[in-house]
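Chains W and D are the protein sequences, given in the same order. Counting from 0, one number per residue, gives the positions in the first sequence under numbering that gives the first Met the number 0. Counting from 0, one number per residue, gives the positions in the second sequence under numbering that gives the first Met the number 0.
No lab work stands behind these hints: they were computed from the structure. Just so it is clear, the structure is predicted and the values come from calculations on it, not from any experiment.
Sample of chain D residues at the chain W side, in silico, Cβ under 10 Å:
1) E13
2) D122
3) R221
Taking lysine to aspartate or glutamate and the EDC-like style, the derived pairs with C-alpha atoms no more than 16 Å apart in a straight line are:
4) K292/W - D309/W
5) K1/D - E103/D
6) K292/W - D232/D
7) K148/W - E129/W
8) K201/D - E103/D
9) K49/D - E146/D
10) K86/D - E200/D
11) K300/W - E220/D
12) K285/W - E244/D
13) K196/D - E69/D
14) K148/W - E126/W
15) K31/D - D11/D
16) K246/D - E236/D
17) K31/D - E69/D
18) K285/W - E243/D
19) K285/W - E220/D
20) K148/W - E211/D
21) K86/D - E69/D
22) K86/D - E199/D
23) K148/W - E207/D
24) K195/D - D80/D
In silico negatives: residues of chain D with every beta carbon more than 12 Å from chain W:
25) M48
26) G53
27) D110
28) K196
In this text, a Cβ means the ideal position worked out from N, Cα and C, and glycines have one as well.
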Amino acid sequence: MANILAVVEQRDGALRRISGEVVTAAKQIADATGGEVHAVVVGAAGGASGADGLGRFGAARVVQVEGEGLDRYVAEAYAAAVADLAREGKYYAVLFGASAQGRDLAPRVAARLDVPLAGDATGLAVEAGELLVTRPVYAGRAFAQLTIKAEPRLVSVRPNTFRPREAAAAGTVETRQAAAGADAARTRVREVRAATGGRLDVGEAPIVVAGGRGMKGPENWQALEDLVDALGPTAALGASRAVVDAGWRPHGEQVGQTGKTVSPQLYFAVGISGAMQHLAGMRSAKTIVAINKDPDAPIFKVADYGVVGDAAEVLPRLAEEIRSIAR
Amino acid sequence: MKIVVCIKRVPDTEARIRISGDGRSIDPAGVKFVISPYDEFALETALRMKEAAGSGEVIALTVGEANSAEQLRSALAMGADRAVLLKGEPTLDGLVTARALAAELKAYGADLILLGMKAVDFDQQQVAPMLAELLDLPCVTIAAQVEMEGGVAVCHRETEGDTEVVETALPAVISITKGAYEPRYPSLKGIMAAKKKPLEEKAAQLGESRIELRTMTAPPERPAGRIVGQGADAVPELIRALREEAKVL
Ligand SMILES: Cc1cc2nc3c(=O)[nH]c(=O)nc-3n(C[C@H](O)[C@H](O)[C@H](O)COP(=O)(O)OP(=O)(O)OC[C@H]3O[C@@H](n4cnc5c(N)ncnc54)[C@H](O)[C@@H]3O)c2cc1C
Ligand SMILES: Nc1ncnc2c1ncn2[C@@H]1O[C@H](COP(=O)(O)O)[C@@H](O)[C@H]1O
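So here's chain D without its partners, still in its complex pose (with noise of 0.2 Å):
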């Protein structure tokens, strides 16, 4: 069983974002940056995988600048066996991520591709199924959970308000949410073999662009709120300002 994941490096989600002073990107100054977390989510759910099949290969795969390298350690240490750094720097535009991602993958000949639902930087949802589309494979979004049973992979996937079943004969593309599993932490024994385990670097194959940045921004903010009241005999007045300030009722 080969499985490939692909992570990618995003800020912290505790961090507090800042504007640069280029108004087109965020301050790094102090941010802390982390494996997105529905990437951790993927990469555990192949690390599961791995295990009940008893043997196979987890790869983790990103596409950034050098310093996605830490994030890829920070996978070989949770347990993937080896990771590869496509260097080049992702844009919002997604297409290009899925391209590079697709590339590479071409002669990989993995059974399994998982994603996360969405990197928690630019918030775009949008690289699984364009990479799927890329390598002619299907491809199920917003699983839950993964497991294989009689050769073919069963997803729990969300929708709105549903679960689906839904089964997928491999290879096959995967994009990971929240769900049964909670991501590992790596221990002492992993951090120390992660440092010996194989981390390929190489160019990516970045295609230009075609989302053009023209501005960041920080949010609107919200005007000061107030407290109406304490305990149950602050609802009607609740009622009176949702009614009558706020409209909304």
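Just chain W, with the same shape it has in the complex (with noise of 0.2 Å):
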């Protein structure tokens, strides 16, 4: 049997976006493998809101793993918890989000199953029995593909690639006791400063309106906020490094290199010229909008439509307009 495990993430008790994307991507190698895929959430007592809908996107059976305290992400727990499921149900193979969380389990859950991981991945193949997987390298400057000479396979899937399918299966949801609780950490959280004020993270949404230096200052953010309520609440905030090195915007904004990769549906690049290291952050985005005063800036090269003009005037009239047709 080659079964797939796939490794879903709640929040505050709701499952995140990510989770269909992971079953979705889960899905994907189980048809080819002719296993099954189960799902796993790790939470507080209660259960995820949304963990029974799992089986819309293909998964035969949804283990929730609740344990005192662990509502929120605790490394050890939700390591162990994973674990024992992985040795337990001898998987093709195991899937993550490459989420923060994502990022942070899989390798840990790597290094106890003494198998390797290959993270972000965007292209998923099972070819001959093997599974291929392709994801960028050198900043999405290459790609490499790769396939992983142990048992289960780990892989984490880059947000918003595997659009989530709808492929009805049973999602019987059964519930566990973790083996540790939140008492199993060992690093202490004193504070929780959120910084997005209940928008969705840079990381993962959908669509990104980044602003750069030819914003001119930290007061005309208002306008980019203004296009982000209007696109409604799949839309995130984005900076480049330029005005977060300048104190203008929190580096949990900062797309590129040294901050955030991205792979939205729609990525709109307001005043930033296009430096290979904000390329490297944002160039897998499905569509490209840049505004920028310089008909010769380099995010013209890359981007799907550009408008010519200063961003002081094109912002209000694409927010007022995107509202209309909201309305």
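Dock the two chains into a complex; use the hints.
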């Protein structure tokens, strides 16, 4: 049996967006291996809302591992729970999302199982029983195709790459008690400071509105926020390094080689020149829109649609027209 | 305070990447190599922590081929006290690298082991948590700032959308992201001093990579885009294109 384990995520007791993507990627492999998809979500007692819906994307079984204080990500307890399940199920592959949590969790599970990990996959295929993983390297300046000589094959998938697809399966939910709770933590969280004010993080949002030095000053960010608001709850703010270094925006918003790598459906680069290190973080976006007053700015070379003009003039009109179609 | 910083030699972030004839690696001709930028942030963090403590030792450690000595010299010029080169070729299998680092670090008795959040060649972002697991040490990933406070390390950790203030006892493994500090430039004095600092070389205990690289290819070309217009008047056409052509609105 060549089953696949999909490690999905909850936050505050609700399944996260990435979960459907991970199950969809797992289902794609399972269809080729002739196995089933099992999903696991670790959380606090009471389960994760939405877990029973994972059958919709192809999960035959959904295992909720519950433990004291596990509503928050506790690396030690989560890694133990996932490694235990992975051992027990003798899976062909174990899939994670390459989210902040997945990037912390997957390598720990890999070390515990003594198997390698291929991170950040953008393509998956099964050929003659081998799992062929495609992933960007050198910040997207090249792509590597690789195979994993171990079982289970551990892979994390890049957010926004495997669009959730409907594939009905039983999705039977079962609940288990976690072997370790939050008291297994070897580090202590003193405080959590919310930065995005309830908005999606730039790393996972399907629409990103990013501003650069061409915005002229932090006081002009309202125009970008208005555009984000007009685009709705799936949009998030991003920034170039120049404006982060200038202290206009927090580092959490930075896109690029020393910031976040994003692959949204739609990326607006506003007043951003398009330096190599910025492109490294966003060139895999599906559609790129550039707004820049310099017609020779390098960003226009990667943009699908460009508007040559002053951001201060273009942004309000753009937000207004998008609001009018939303209405 | 004994702090080890794991660094990796990688192509400069500006470098043009071309695939070499074997179709499985990049052509190093004309490519400048540097310390991976996040590892520079880690080294800067280590140097500041040593300075704040008033004493201690900062050791730069790498798994790499002979030419990685250049990056270790740069680390020494920035202010590391000594360097160790574990000779061997790093692969896509980060667990192999983590094992080689762990084998070396076992005997060090380091208080802190700092790594970059990711090495900007393969962008795997995995060695730090693996190393922590192998050494059975607490681990904080993606720390933008680390400071000692009453015997514990207090880290500002960037998660999706939030900043977590996390504390850990020592010894610990911490991976560093860009944050509060700009890496210092080596001074002329630092560069001169680096020539005399110890740089030890020995064979890395490298197991076999279980990730097999089949091919490396150039990224798919983005289809040529177009300028839809000038100024605010271009907005209606932009919206039409996003809705009807790109179908993303
Ligand atoms: C090791 C390293 C890592 C780096 N990592 C990153 C990274 O992660 N992310 C990143 O972004 N950068 C990174 N950089 C920096 C990068 O090289 C660029 O310096 C940076 O991206 C420039 O930011 P910018 O486009 O906002 O500013 P600029 O390059 O100054 O561009 C501003 C743009 O705004 C346009 N403009 C000006 N006025 C207006 C107006 N009124 N309306 C519209 N447009 C206007 C200008 O024509 C120009 O194109 C890194 C650099 C190094 C060396
Ligand atoms: N060959 C290596 N030698 C020393 N440290 C390394 C090596 N490879 C990775 N690291 C460390 O691990 C971090 C994460 O790398 P990676 O998991 O490959 O993205 C890097 O920033 C380095 O600090």
